[in-house]
Amino acid sequence: HNTMLPSATARVCMQTTLRRTANQALTRSSLGMNIRLRPSFAIIALTTITNRRMTMTTASAASPPSETCASPTAAVPPPSELQPYPVIGKTQVSPDSYVVQFGLPKGRDYLGYDAVLPTCIGVKYAGKNEDDKPVGKSYSPISHPSESEHFDLLVKAYPYQPGGGVGAYLCELEVGDSIDAIVKKPRQVHGSPQVEGRWQHVGLVGGGTGIAPLYQLLVIFLAEETKEGQTPTTVSVLSINRHPEDILMKKELDELAARHPDRVKVTYSLTDDSAKNTTENSDLADAFAGRGDVNMVTKALPSPANGDGSTMIFVCGKDGFVSTWGGPVLRADPLSGAKKGKKIQGPLEGILKEAGFVESEVFKY
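Mapped onto the numbering used here, the consecutive letters of the sequence shown carry residue numbers 186 to 550.
In short, the hints are calculated from the structure, not lab data. One should not assume that every hint holds.
[Unchecked claim] Between beta-carbon pairs, the in silico distance windows are: (1) Gln-379 / Gly-274: 24 to 32 Å; (2) Asp-457 / Pro-262: 44 to 52 Å; (3) Asp-362 / Ser-467: 15 to 23 Å; (4) Asp-493 / Gln-530: 17 to 25 Å; (5) Gly-522 / Ser-279: 23 to 31 Å; (6) Val-543 / Gly-522: 48 to 56 Å; (7) Ser-467 / Ser-495: 33 to 41 Å; (8) Ser-459 / Pro-513: 44 to 52 Å; (9) Ser-459 / Glu-413: 36 to 44 Å; (10) Gln-277 / Asp-365: 45 to 53 Å; (11) Pro-513 / Gly-376: 16 to 24 Å; (12) Glu-413 / Gly-505: 21 to 29 Å.
[Said to hold, decoys possible] Dumping the calculated DSS-like pairs for lysine-lysine here, alpha-carbon to alpha-carbon at most 30 Å: (13) Lys-370 / Lys-503; (14) Lys-436 / Lys-275; (15) Lys-412 / Lys-322; (16) Lys-538 / Lys-525; (17) Lys-435 / Lys-309; (18) Lys-309 / Lys-538; (19) Lys-322 / Lys-484; (20) Lys-322 / Lys-309; (21) Lys-528 / Lys-341; (22) Lys-484 / Lys-369.
From a predicted model like this one, the values you see are computed outputs, not experimental measurements. For glycine and all other residues, C-beta sits at the position ideal for the given N, C-alpha and C.
Between the sequences and the hints, there should be enough to build the whole structure, so can you do that?
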């Protein structure tokens, strides 16, 4: 790589080389998993990702988000452009859910606009909605945004309904197929897309597949670079599901909690807890029962901090789940010619308000 690249780009280039070398050296045993996908999990779990930012003596100018360390002659489509992403791996993780691994276009060092900001892609599907327009759906990868060469999606095949079917479409893909997708602009979390090093205590409340976007946040927090005297972010995860077999990413969450007991706490709740005390689910004996209440918040999540900026709770799941925990996500008035306005947070309501949190401490993800 050209050592005269601006410092931010040079660090990403060095990070890419180190990560690629580390990935090649990993084995299934080092992952502690039975699948070949998701080498980034091992790097996170083994804490080697703390070395992903390399300090280099380079020019002081900062690189723009779209800049990469590819050859200057390479024609690399920007992330915002609709383009194909090939399937390079696929693993079933529940009766109706898969982790699908996609390759990056040649010349792209990582998926999005920045190596540390959370990512989200918009998948375009050939089906039609009620307006006879192509169907699309947004997905947040579970892999770290800086992952080179690939990204991983956790996908559930929901029963088909008019205007839907993207999940089933993705689950039916095989290695060699491809999707058309764009990378969406970084999400603004109370005024900034930055999440690294921003809070001391974070709570992640996920309902069902809502755990997927939150899992990416978790690995970002675990990989963050802390400054001298700065306390690393502690993360409390609350995963709420109907049945034990519906819990997604459980093995990975439990492994991260075991490897980082001072930083990660994971709690589960089952809305149908009839099976939690069986032999095969003995590790869920202490799981909560129900969709949530103030008592669950008190025991599983960080305490409210009166909006002092130290604490943030992210909530992700279906509309009803989010509404129960933090109030409904609303829409602004549509722009001229648009059918819908953009989503806005809306006032804080629900369980988290009852528990004493204020609006600046909650984000409906």
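Hints violated by the structure (listed by number, smallest first):
3, 5, 6, 8, 9, 10, 12, 15, 18, 19 and 22
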